[in-house]
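A.B. asks: If you want the building blocks of each chain, they are given just below.
2 protein chains.
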Amino acid sequence: MSQHVNLNGVMVPVKVACIASNDRGFLLGDGLFETLRVQSGQVVALDRHLARLAEGLEVLGFGVLPLDPVQAIAATLVANQVINGMVRLTVSRGGGIRGVLPPETPSLTVLVTAATVVPVTTPQRVMVSRRTRRNEMSPLSRLKTLNYLDSILARQEAVAAGMDDAIVLNTKGRVAETTSANLLLRLDGGWVTPPVADGALPGTARARLLAAGCIVERSLSEEDLGGISAAFSVSALSLRPLVSLNGKVLSLPDADSTRTFRSVLDLPDPQGVGRVPL
Amino acid sequence: MSQHVNLNGVMVPVKVACIASNDRGFLLGDGLFETLRVQSGQVVALDRHLARLAEGLEVLGFGVLPLDPVQAIAATLVANQVINGMVRLTVSRGGGIRGVLPPETPSLTVLVTAATVVPVTTPQRVMVSRRTRRNEMSPLSRLKTLNYLDSILARQEAVAAGMDDAIVLNTKGRVAETTSANLLLRLDGGWVTPPVADGALPGTARARLLAAGCIVERSLSEEDLGGISAAFSVSALSLRPLVSLNGKVLSLPDADSTRTFRSVLDLPDPQGVGRVPL
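Order-wise, the sequence lines are chains C and U. Position one of the first sequence corresponds to residue 2 (the numbering used here), numbered consecutively onward. Position one of the second sequence corresponds to residue 2 (the numbering used here), numbered consecutively onward.
Worth double-checking, as some hints may not be accurate.
Quick list of the computed label-pair ranges, beta carbon to beta carbon [as the list claims (entries may be wrong)]:
#, chain 1, residue 1, chain 2, residue 2, range
1, U, 223, C, 261, 41 to 49 Å
2, C, 79, U, 271, 18 to 26 Å
3, C, 227, U, 198, 47 to 55 Å
4, C, 100, U, 228, 56 to 64 Å
5, C, 227, U, 17, 55 to 63 Å
6, C, 220, U, 263, 29 to 37 Å
7, C, 223, U, 56, 37 to 45 Å
8, U, 19, C, 71, 42 to 50 Å
9, C, 72, U, 100, 20 to 28 Å
10, C, 100, U, 72, 24 to 32 Å
11, U, 17, C, 56, 55 to 63 Å
12, C, 245, U, 17, 49 to 57 Å
Where chain C lies over chain U, by a calculated footprint (3+ residues, C-beta under 8 Å) [unchecked claim]:
#, stretch
13, 94–102
14, 111–120
Note that these hints are calculated values from the structure, not bench results. Idealized CB from N, CA, C, for every residue including glycine.
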C-alpha cells in the first residue's frame, strides 16, 4: 500500500491525506478511476488509460483535469519506490452544495496511490452471479466509475460460495465480465470476449488483445458458457486462467495462447503457474 | 451546509473533518446513506430510515454500526442549531486493503451532516431520461447507496434540456422514479406509484403514503405516462407537484389530495405554492 499519496498534485504521507467530508466522490460515488500496471518503472498502456479517463471526464461533465496526471503518477511511483507494481488514479467531482446536481464548475479531487505488487497468475474458480446484474443500458457500464457496489456484491457472493470470483450477466442474461476483469473465452476453436454493448468494461488489456487480433468480440448467453473449453480473466494488472466455471472443470489455456497474450500485454514470464502475489 | 459534522461519533468543524484516502466509500462507492427531514427539532420517520439503513447494512455485509446513530444525529442537529431542515447519515465500509473484496471485519466510517432548509414545494418540469436506465435487477435498486452516478447523469440531462428533473425508466422500460424522489401519479381516478420491483427506491415518504392507503403500487410503461393527469415527486424532504412531463402540461394536483398527503407526511403547510427554498 502507498506510504505516500499524491493528492491534488502534492505528495503527502497517506496518514495525513484528507478527503473533505463533502467530497462528492465520498457522498455520491461521483467519480472515476484507472488502475495501471507498472513494469520496470514504466506505466503500461498509459495512453489507453488516459483516453478512457478522458472519455469518462467528458461523459460525466467533469471538465479537464487540474493537473498533469502523468507527472502525478511519476511522483507517486518515485515517492513509493515502485518499480514493478500498480498505480491508481482516482478523480472525483470534489466538493459541492448538497444534492444530486453537480456544480457547474467542479473543483476536482485527484488522488494517486501506488503499490509494489507482482502480476497475479494464480488460476481462478468462477461462478455466475445470481445476486446482481450489470446494467448495460447505462453509459456507466462503459466507464470505470466509483460506483462499484454491484461488483462488490458479486465478489462477496463468489467468496461465500468458496469461489474466487463471479461472472456478472447483464440485464438480458448475456455474459458481461467478472467483478474486476474482462473475460477471454475459448469457444469453437477461437478466443472470444463479450462486447462492450453487452456490458463489458472496455478494458485496456482487452483492447490491446483485440487490436492484436488475438481475440474477437462475441455476444454470449449463459448457456454458451457450457461450451467453453478454457478461459482467462484479464485486466490491466493480470492475466489469470479460469480453472472452473460453475463447478465445471476447464482445461488450462494452451501454452501458445498464453505466451502470445502475455507478450501482447507486456506481462513478464511468470516464475511458475500458481505463483502467489506479493 | 453543516458547520460542524459528526464523524465517527465526534463533533468536528467541517473544515477539519477528514475522510481517509483509502476509505472504500471514496474509492468504490462502498456505502449507504439516509437523508432525513427535521421538523420542529424532531427527525421525521426516523424508525423507517433506520430500518432501511439496517437492511442495507445487512445486504452489504457491513455488520452493526459502531455508534448510536440517534445520538450522532441529535448531536449534529444541536451543534448546527437545526430546528427545521435535514440531516444526512452516511455509512461507508471504511478503509481496507486494495481490491474489490471487502475486509471481513470492516471498520465503518459514519458521517452525519445537517442543514437548515425549508421543504421545497416548487413545481417541477420533468422529462423521461434517454441517457440511462435504473437497474431493477440489482439489489442495490432497493437500497440507498453511494452509487449515485446514474441519477447524476439523468439529472444533468434534464437540466441541459431546460427541465428540473428526469424520470428514470428501468431496464425493461417500466417507470421507476425520478433522480432523487419517488413518483405519485394520478391515473384513472386514483393515485399510483411504481412498485419497488420496477426499480423504485422504497422511499420512506412513499411507504408512509402506502401505509395510509393514499396510494397503490402499479407498474407503468412509458406509454402509461401519457394518461397521467397530475403528479407529485415525493422524498423524505419534500412533496412537489409536477407541472409538465415530456413537455405535456399536467394539472396541479387537487387541493384535497395535496392536503392529505402533506398531513400524512407531517409536512408543514406551505406559505404559498412556488415558494423558493432557502
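A.B. asks: Would you mind marking each hint as holding or not holding in the structure?
C.D. replies: Consistency of the hints with the structure:
1. U:223 x C:261: 41 to 49 Å: holds (48 Å)
2. C:79 x U:271: 18 to 26 Å: violated (59 Å)
3. C:227 x U:198: 47 to 55 Å: violated (30 Å)
4. C:100 x U:228: 56 to 64 Å: violated (31 Å)
5. C:227 x U:17: 55 to 63 Å: Holds - the Cβ-Cβ distance for residue 227 of chain C and residue 17 of chain U, about 57 Å, lies within 55 to 63 Å.
6. C:220 x U:263: 29 to 37 Å: violated (50 Å)
7. C:223 x U:56: 37 to 45 Å: Given range 37 to 45 Å: violated, Cβ gap about 29 Å.
8. U:19 x C:71: 42 to 50 Å: violated (28 Å)
9. C:72 x U:100: 20 to 28 Å: holds (26 Å)
10. C:100 x U:72: 24 to 32 Å: holds (26 Å)
11. U:17 x C:56: 55 to 63 Å: Violated: the Cβ-Cβ distance is about 36 Å, outside 55 to 63 Å.
12. C:245 x U:17: 49 to 57 Å: Holds, at about 50 Å.
13. 94–102: holds (count 5)
14. 111–120: Satisfied; 3 residues make the cut.
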